[in-house]
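Asker: In case you want the letters, here they are:
Protein chains: 2
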Amino acid sequence: MTEYSVSLDNVFHALADPTRRAVIEQLSHGRASVSELAKHHNMALQSFSQHLKVLEDCGLVRTQKVGRVRTCEISENDLARAEHWISQQKKAWNDTFNRLDDYLCRIQTKEGNE
Amino acid sequence: MTEYSVSLDNVFHALADPTRRAVIEQLSHGRASVSELAKHHNMALQSFSQHLKVLEDCGLVRTQKVGRVRTCEISENDLARAEHWISQQKKAWNDTFNRLDDYLCRIQTKEGNE
Numbered sequence: 001m002t003e004y005s006v007s008l009d010n011v012f013h014a015l016a017d018p019t020r021r022a023v024i025e026q027l028s029h030g031r032a033s034v035s036e037l038a039k040h041h042n043m044a045l046q047s048f049s050q051h052l053k054v055l056e057d058c059g060l061v062r063t064q065k066v067g068r069v070r071t072c073e074i075s076e077n078d079l080a081r082a083e084h085w086i087s088q089q090k091k092a093w094n095d096t097f098n099r100l101d102d103y104l105c106r107i108q109t110k111e112g113n114e
Numbered sequence: 001m002t003e004y005s006v007s008l009d010n011v012f013h014a015l016a017d018p019t020r021r022a023v024i025e026q027l028s029h030g031r032a033s034v035s036e037l038a039k040h041h042n043m044a045l046q047s048f049s050q051h052l053k054v055l056e057d058c059g060l061v062r063t064q065k066v067g068r069v070r071t072c073e074i075s076e077n078d079l080a081r082a083e084h085w086i087s088q089q090k091k092a093w094n095d096t097f098n099r100l101d102d103y104l105c106r107i108q109t110k111e112g113n114e
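Chains A and B supply the protein sequences, listed in that same order. For reference, each letter of the first sequence is one residue, going 1 to 114 in full-length UniProt numbering. For reference, each letter of the second sequence is one residue, going 1 to 114 in full-length UniProt numbering.
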């Protein structure tokens, strides 16, 4: 298994949880401290920190501690990697449909000429 | 939790596995039978069928049995839903950066005029 594949496993696993997606949605509007993020989630800070750790470990979020405040921000590259994989599949799928469309058009034109 | 959120949980969970992503990649080039798909994966047919079931349950893949052959194809809407969520976050993130750029430009212009 390639490093790229393992990385995608972790990114998609991280996105498969509503709390973690909500954190990404919060951070997509700009960086925020852990306590600012946590106050929107009805759970113990320890549980919330575990969700943040999953996001940090897979590279979706970067955190930095200055003094006593830990600040979080999105690391865009890893989100882009997940999006890139999905759009590649959609492109191949659309190409297949386009080829099918072309084939059906050719068949219909041929039938019309006969 | 909304139905939309549960659906995204399941779609991202399904995509967090390399075998299941490989099946989506295979099917993005067109429909295929279960046995055609399975021959590219070094595992028991029963294990492979469980992966297919995860893809089918979350709506990423549709299957149809005609006679003794079960054929699979991508159900594009659910893949598009996952892509849409990611691109929404990227858009919000880019908007935030653009606002920051505008702000920095305004500050620099103001400083230049003083």
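One should not assume that every hint holds.
Which copy is meant is left open, so a pair is good if it fits within one copy or across any two.
[Said to hold, decoys possible] Below, simulated SDA-like cross-link-like pairs (lysine to any residue); rule was C-alpha separation at most 25 Å, straight line:
no., residue 1, residue 2
1, 53, 92
2, 39, 80
3, 90, 26
4, 65, 113
5, 90, 64
6, 39, 21
7, 39, 113
8, 91, 36
9, 65, 84
10, 65, 30
11, 90, 77
12, 90, 73
13, 65, 83
14, 65, 109
15, 91, 71
16, 90, 68
17, 65, 88
18, 91, 9
19, 90, 46
20, 65, 22
Treat the hints as calculated values from the structure; they're not laboratory data.
Asker: Does each hint hold? Answer for all of them.
Answerer: Now for the hints, and whether the structure bears them out:
1. 53 - 92: Only across copies: residue 53 and residue 92 sit 23 Å apart there, 34 Å inside one copy, limit 25 Å.
2. 39 - 80: neither (27 Å within a copy, 31 Å between copies)
3. 90 - 26: between (27 Å within a copy, 12 Å between copies)
4. 65 - 113: Close neither inside one copy (73 Å) nor across copies (36 Å); limit 25 Å.
5. 90 - 64: Answer is between; shortest inter-copy Cα gap is 21 Å, intra-copy 36 Å.
6. 39 - 21: within (15 Å within a copy, 35 Å between copies)
7. 39 - 113: So residue 39 and residue 113 fail the 25 Å test inside a copy (70 Å) and across (42 Å) alike.
8. 91 - 36: between (39 Å within a copy, 22 Å between copies)
9. 65 - 84: Intra 31 Å, inter 32 Å, cutoff 25 Å: neither.
10. 65 - 30: within (16 Å within a copy, 49 Å between copies)
11. 90 - 77: Close inside one copy (20 Å) and across copies (10 Å); limit 25 Å.
12. 90 - 73: For residue 90 and residue 73, only the inter-copy Cα distance (13 Å) is at most 25 Å; the intra-copy one is 29 Å.
13. 65 - 83: So residue 65 and residue 83 fail the 25 Å test inside a copy (29 Å) and across (32 Å) alike.
14. 65 - 109: This pair counts as neither: shortest intra-copy Cα distance 67 Å, inter-copy 32 Å.
15. 91 - 71: between (37 Å within a copy, 21 Å between copies)
16. 90 - 68: Neither. Shortest intra-copy (45 Å) and inter-copy (29 Å) distances fail the 25 Å Cα cut-off.
17. 65 - 88: Intra 37 Å, inter 28 Å, cutoff 25 Å: neither.
18. 91 - 9: both (21 Å within a copy, 23 Å between copies)
19. 90 - 46: neither (39 Å within a copy, 28 Å between copies)
20. 65 - 22: Answer is within; shortest intra-copy Cα gap is 22 Å, inter-copy 39 Å.
When each numbered hint is compared with the structure, violations occur for hints 2, 4, 7, 9, 13, 14, 16, 17 and 19.
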